[in-house]
Amino acid sequence: RARGALWAGGGVGPAAGCRAARPPGAGAVSAPAHPPNYLSAPRNRPEGKVLETVGVFEAPKQHGKYETGQLFLHSVFGYRGIVLFPWQARLYDRDVASPVTEKSENAAGHGSKEVKGKTHTYYQVLIDARDCPHISQRSQTEAVTFLANHDDSRALYAIPGLDYVSHEDILPYSSTDQVPIQHELFERFLTYDQTKVPPFVARDTLCAWQEKNHPWLELSDVHRETTENIRVTVIPFYMGMREAQNSHVYWWRYCIRLENLDSEVVQLRERHWRIFSLSGTLETVRGRGVVGREPVLSKEQPAFQYSSHVSLQASSGHMWGTFRFERPDGSHFDVRIPPFSLESNKDEKTPPSGLHW
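In this text, residue positions in the sequence shown follow the UniProt record's numbering: the first is 1, and each later residue adds one.
These aren't lab readings, by the way, just hints derived from the structure by calculation. Mixed in with the good hints there might be a few duds.
Stated by the list, open to error - Here are the computed lysine-lysine pairs in the DSS-like style, where the Cα-Cα straight-line distance is at most 25 Å:
#1 K118 x K61
#2 K196 x K118
#3 K65 x K196
#4 K212 x K65
#5 K61 x K212
#6 K65 x K118
Unchecked claim - Just the calculated beta-carbon pair ranges, DEER-fashion:
#7 R286 x A244: 24 to 30 Å
#8 D193 x E52: 36 to 42 Å
#9 E52 x P328: 34 to 40 Å
#10 K65 x V285: 33 to 39 Å
#11 E211 x H309: 23 to 29 Å
#12 E294 x E52: 34 to 40 Å
#13 E294 x V56: 38 to 44 Å
#14 Y157 x P133: 19 to 25 Å
#15 P133 x K65: 27 to 33 Å
Glycine included, C-beta positions come from ideal geometry on N, C-alpha and C.
Start from the sequences, fold in the hints, and give me the full structure.
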């Protein structure tokens, strides 16, 4: 058995051991209930827990970015995936000390720390369809949604198995399999070329798809804040404008990841949103849980990710709020959602163009 081999089998969820398995170098991985130095990811195999070699871990990149075609294991959610292309985002991390410490009032009328953005690499990736059933309770596998480009349609479409992943979430590995990822878009977007490293290269269809659909794919700003060891990361996306009853309605989606950085088990119980529109309106939204769930964050399952949508009758606005969590003893505490802007693409004359190949 070669050190650092990546294995797949049945009976073990993908996140089992994955958080603890972030390797300091190539091959330094392990998973519970299996021999040292090997990591299992589930496959739907009726015969049970037979493991198969998937690939060999590589050393994570400390500098530079991963290329199109890089295979990886998600360090938090444990799914197998492949990089389509990178995005350069501005990360506003409210946990990082800023030289400017005084508070300021922003357009939404609430006090906030001055936070400077820094460039950070995120990736558009495909999730292996075999792993989707195992992560569906922890992370939505339809992270990308878009508006149909039809005047008579108000439909919202979703692309399954398309995700956004930060650089530090990637545990890279290599494989000799010419089709290592099962996804309906894999062979449409990528082709195998054994002379390349990695050996999966972009087809013209991937380049054309990225260029035509960047208005609703583009990731620009990422906001992050930690309260009592619960880290909230928010990524907003502009989706376009619709005309309704002689007025303009602007739409955004936002992806939120909740991470428990402590060993104490907590459960999300309530959400409290404040939504400010440039038109001057301020809306308050309260409710149980998020997307119909009240996820439990534990040491074994530390993270939960979901997407939702918001519309304004103005071209920009702000959102902020809190999540209320419950401890095992029944006590509650509020976790801040970092304020983030809802900005429309000023240079976009038409709604997002939908799904083009």
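Hint by hint, here is what the structure shows:
Pair hint K118 plus K61 holds up; C-alpha atoms about 19 Å apart against a cutoff of 25 Å. Proximity of K196 to K118 is assessed by CA-CA distance (about 32 Å); at most 25 Å being required, the pair is judged violated. Our distance criterion of 25 Å between C-alpha atoms is met by K65 and K196, whose separation comes to about 16 Å. About 23 Å separates the Cα atoms of K212 and K65, which keeps this hinted pair within 25 Å; it holds.
The suggested pairing of K61 with K212 is violated, with an alpha-carbon distance near 30 Å, which exceeds 25 Å. A threshold of 25 Å between alpha carbons decides the hint, and for K65 with K118 the separation of about 16 Å falls inside it, so the pair holds. At about 26 Å, the beta-carbon gap between R286 and A244 stays in the expected band of 24 to 30 Å. Range check, D193 to E52: about 24 Å between beta-carbon atoms, so the 36 to 42 Å window is missed.
The hinted window of 34 to 40 Å between E52 and P328 holds, with their beta carbons roughly 39 Å apart. The hinted range of 33 to 39 Å is satisfied by K65 and V285, whose Cβ atoms lie roughly 37 Å apart. At about 25 Å, the beta-carbon gap between E211 and H309 stays in the expected band of 23 to 29 Å. Restraint check, E294 to E52: a C-beta distance of roughly 36 Å satisfies the suggested window 34 to 40 Å.
For the pair E294 and V56, the supplied restraint of 38 to 44 Å holds, since their beta-carbon distance comes to about 39 Å. Here the CB-CB span from Y157 to P133 is close to 22 Å, well matched to the stated 19 to 25 Å. In this structure, P133 and K65 meet the distance hint of 27 to 33 Å, their C-beta atoms being roughly 30 Å apart.
In this structure, the earlier hints numbered 2, 5 and 8 are contradicted, and the remaining ones agree with it.
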